[in-house]
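Peer 1: Sequence:
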Amino acid sequence: KKLVEEIRNKVKKLVVNGDPHLPIDKDYLKNKIRNEIGQFVFKKIERRPMVLPVVIEV
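Quick note: the sequence shown uses my numbering, first residue 1, plus one each step.
Worth flagging that the hints you see were computed from the coordinates, not collected in a lab. Using N, Cα and C, we set each Cβ at its ideal position, and we do this for glycine too. Wrong hints could be hidden among the right ones.
Unchecked claim - Pairs of lysine to aspartate or glutamate residues, derived as DMTMM-like cross-links and limited to a Cα-Cα distance of at most 20 Å, are as follows:
1) Lys10 x Asp27
2) Lys43 x Asp27
3) Lys43 x Glu5
What the hints assert, rightly or not - Ranges of calculated distance between the beta carbons of each label pair, as one might list FRET restraints:
4) Lys1 x Lys43: 30 to 38 Å
5) Glu46 x His21: 17 to 25 Å
6) Lys13 x Glu57: 17 to 25 Å
7) Gln39 x Lys1: 28 to 36 Å
8) Lys1 x His21: 30 to 38 Å
Using the sequences and the accompanying hints, generate a full structural model.
Peer 2: Have a look at this one:
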């Protein structure tokens with residue numbers, strides 16, 4: 001559970017850190033999430049995770 005919370009917070013930071021005046025490139029955001037979270041989880045559990053980001057526009 002703790003790992004999931006850490007991942008959730010890390011994803012929130014990745015999304016919020018973008019420029020609010022520029023449109024979000026979904027593919028760039030997906031790749032950024034996949035790479036950052038993949039590295040983060042690998043460091044924690046020493047296994048390669050399968051990260052499947054889903055970005056939904058609202």
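Peer 1: Would you pick out the hints that fail for this structure and give their numbers low to high?
Peer 2: Hint check: 2, 4, 5, 7 fail, others pass.
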